[in-house]
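Q: Chain by chain, the residues run as shown.
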Amino acid sequence: MGLSGIIIILVFSVVGLLGPWFAPYQPMERQYDETGGLKRLNPPSSEHWLGTTLYGRDILSQVIVGTRSAFLVGLLTATFVAIIGLNVGLISGYYGGWVDNLLMRLTDIVGSVPILPFAIVALSVLTRNIWWIIGVMSILYWTTTARVIRSQVLSLRERPFVDAARLSGTNDLRLLYKHIAPNVLPQAFVHGAFAVSWAITTEASIAFLGFGDPYSISWGTIIYDVFTSMVMYRAWWWFLPPGICIMLVVMSFYFVGRAYEEVADPRLRGL
Amino acid sequence: MRRYLVNRLGLAALTVLFLASVMFILFRMLPGDPTMTVLSPALDREVQEELRRKFGLDRPLIEQYVIYMKSTLLGDFGVSFQHRVSAVTVIAERLWNTLALMVPSLVLAYLIGVLVGAYIAWKRGTKLEEVVTVGAMAFRSGPIFWVAMLFVFAFSVKVPLFPSGHMRTPGYVAEGILATFFSLDFLLHLTLPMTCMAIYYGCYPLLIMRTSMLEVLGEDFIDLAKAKGLSELKVVFKHAMRASLLPIATSVSLLGAYSVAGSVLVEMVFSWPGLGRLMVTAVLDSDYPVAQGAFLLIGVLVILGNLLADLLYGALDPRVRYR
Chain A
1 MGLSGIIIIL
11 VFSVVGLLGP
21 WFAPYQPMER
31 QYDETGGLKR
41 LNPPSSEHWL
51 GTTLYGRDIL
61 SQVIVGTRSA
71 FLVGLLTATF
81 VAIIGLNVGL
91 ISGYYGGWVD
101 NLLMRLTDIV
111 GSVPILPFAI
121 VALSVLTRNI
131 WWIIGVMSIL
141 YWTTTARVIR
151 SQVLSLRERP
161 FVDAARLSGT
171 NDLRLLYKHI
181 APNVLPQAFV
191 HGAFAVSWAI
201 TTEASIAFLG
211 FGDPYSISWG
221 TIIYDVFTSM
231 VMYRAWWWFL
241 PPGICIMLVV
251 MSFYFVGRAY
261 EEVADPRLRG
271 L
Chain B
1 MRRYLVNRLG
11 LAALTVLFLA
21 SVMFILFRML
31 PGDPTMTVLS
41 PALDREVQEE
51 LRRKFGLDRP
61 LIEQYVIYMK
71 STLLGDFGVS
81 FQHRVSAVTV
91 IAERLWNTLA
101 LMVPSLVLAY
111 LIGVLVGAYI
121 AWKRGTKLEE
131 VVTVGAMAFR
141 SGPIFWVAML
151 FVFAFSVKVP
161 LFPSGHMRTP
171 GYVAEGILAT
181 FFSLDFLLHL
191 TLPMTCMAIY
201 YGCYPLLIMR
211 TSMLEVLGED
221 FIDLAKAKGL
231 SELKVVFKHA
241 MRASLLPIAT
251 SVSLLGAYSV
261 AGSVLVEMVF
271 SWPGLGRLMV
281 TAVLDSDYPV
291 AQGAFLLIGV
301 LVILGNLLAD
311 LLYGALDPRV
321 RYR
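Protein chains in written order, with the working numbering: chain A, 1 to 271; chain B, 1 to 323.
By construction, these hints were calculated from the structure, which means they are not laboratory data. Note that this is a predicted model, so its numbers are computed, not measured. Mixed in with the good hints, there may be bad ones.
[Stated by the list, open to error] Some, not all, of what chain A presents toward chain B, calculated at C-beta under 8 Å:
{"no.": "1", "residue": "121"}
{"no.": "2", "residue": "201"}
{"no.": "3", "residue": "204"}
{"no.": "4", "residue": "223"}
{"no.": "5", "residue": "243"}
{"no.": "6", "residue": "251"}
[Unchecked claim] Covered by chain A, according to a simulated footprint, are these stretches of chain B (three or more residues, beta-carbon under 8 Å):
{"no.": "7", "segment": "14-20"}
{"no.": "8", "segment": "86-95"}
{"no.": "9", "segment": "138-147"}
{"no.": "10", "segment": "259-272"}
{"no.": "11", "segment": "299-308"}
Glycine included, each C-beta is placed from N, C-alpha and C at the ideal position.
Starting from the given sequences, assemble the full structure and let the hints guide the process.
A: If you want it as structure tokens, here you go:
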């Protein structure tokens with residue numbers, strides 16, 4: 001399961017990295033046929049493997065270019081989420097007391113904010129660009145990671161190696177980051193993998209509602225174009241590919257996360 | 001249990017205040033005249049002046065904040081720019097539409113998820129189990145709006161079984177609650193979005209139930225039940241399932257928040273006149289009073305949902321009660 005996930009991710013990464021060089025056409029370029037007419041809504045053909053959009057643009061190229069955006073958004077958001085969640089969890093779990101209380105209350109409150117509505121409102125106030133989208137998503141999604149890391153730290157704190165390190169004179173900060181952190185990293189990685197899945201889906205949702213970055217092409221913006229053009233149900237070749245791509249990539253990151261979880265948490269083995 | 005409840009209520013209240021404050025900050029950050037969020041430029045001068053005084057827009061920011069919080073807590077969000085009636089009126093009618101869609105969908109989702117999950121855990125190792133499990137994982141990986149579009153495509157366009165959108169056929173006039181929510185027309189329109197949401201969100205409890213059941217089925221008391229000669233059905237559905245329900249209860253609050261986002265998307269795809277769609281269109285039309293009100297209401301719904309889920313969990317898990 002994890003293996004198939006990795007394979008799919010690798011395939012998509014290659015497409016994402018090298019794709020734009022191999023894409024047959026410019027994604028935003030209108031295609032004209034021999035008679036000079038605009039190639040609107042062409043079904044898949046040998047020249048355009050996935051057909052064309054209502055505005056005469058090649059869909060395959062758009063999907064290829066969208067891969068890059070998906071990976072960028074997914075991986076960056078996951079990184080931020082992991083960093084924030086890891087640190088909050090570490091500090092909260094290790095220090096306990098009022099720090100823990102405060103951070104946990106903060107986690108509860110931030111976790112209660114409904115992400116999609118908030119993203120919509122926030123993005124219309126700020127600018128709709130890809131960096132803000134990543135930022136808004138990261139600011140709201142770290143809560144589960146933080147909670148899980150915290151409970152792990154709570155149990156790790158009681159282990160003998162911590163006492164040993166303390167006895168040898170290690171100060172708290174060093175102890176936290178050099179000794180405890182490496183032990184919780186696997187969990188952070190697992191949640192990072194899930195975060196990539198979530199981020200790609202959420203970015204697509206934001207784009208679908210019309211709040212995506214107008215200057216970048218992502219699978220979500222392709223589906224937005226389909227939906228707003230109102231011809232979606234005639235042109236199945238337009239809305240199927242981006243959705244399938246999202247599904248495959250999200251699924252593979254989920255599999256990778258699950259597979260790693262099995263490795264990281266021995267209790268889950270055998271299921 | 002009392003302490004737990006009070007704790008949860010307090011946190012819920014705090015979160016609502018936090019949401020309202022965030023809204024205030026966000027809207028004051030809008031470029032241009034901050035009065036834009038409250039006054040529509042289309043109103044007469046006198047009305048503008050009066051509203052300006054009422055909301056204290058010429059006073060310092062702190063006073064504005066206090067006035068804003070007071071009016072929000074009282075449910076007064078101002079006058080909708082687009083609809084020319086109070087924002088609350090517009091929002092209130094949509095609320096019922098959303099609930100009429102979401103509640104049956106979620107109930108159905110849990111029913112499907114729990115029952116199917118339990119069944120396939122029982123059938124562990126068979127082809128059926130593999131297919132359903134991977135299928136469920138794949139299904140929930142696709143973005144819900146895309147899955148919804150697939151549903152419309154399959155069941156409304158290619159095979160014209162169901163209407164492809166809206167809550168009722170144009171021209172249909174509904175008299176009162178009964179006609180609005182229990183008529184055949186409504187049910188016909190409800191089927192597709194509800195089924196779509198139910199299957200999509202059902203995958204989550206399905207997978208949880210399966211994992212949980214697999215653990216429970218390995219335990220001793222199941223062997224005892226089998227040894228006693230109880231029928232397979234009884235063992236699975238009466239004994240094993242009850243023991244596996246706790247993780248499901250925990251997942252309810254997670255699913256609640258998740259499905260609120262989903263309902264916004266589903267409402268857009270199906271043009272369902274609900275709260276989510278109202279919020280999106282309000283933001284796109286710069287109808288700030290409605291956008292603010294809708295957002296807060298959605299937030300409150302999520303918080304209430306979480307609260308209920310926490311209460312449910314507290315009732316189910318004795319460890320919480322006696323802490």
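Q: It remains to establish, for every hint, whether it holds in the given structure.
A: The hints, checked one at a time:
no. : hint    : verdict
1   : 121     : 6 Å, holds
2   : 201     : 5 Å, holds
3   : 204     : 5 Å, holds
4   : 223     : 6 Å, holds
5   : 243     : 4 Å, holds
6   : 251     : 4 Å, holds
7   : 14-20   : holds (count 4)
8   : 86-95   : violated (count 0)
9   : 138-147 : holds (count 8)
10  : 259-272 : holds (count 6)
11  : 299-308 : holds (count 4)
Violated hint for the displayed structure: number 8, the only one.
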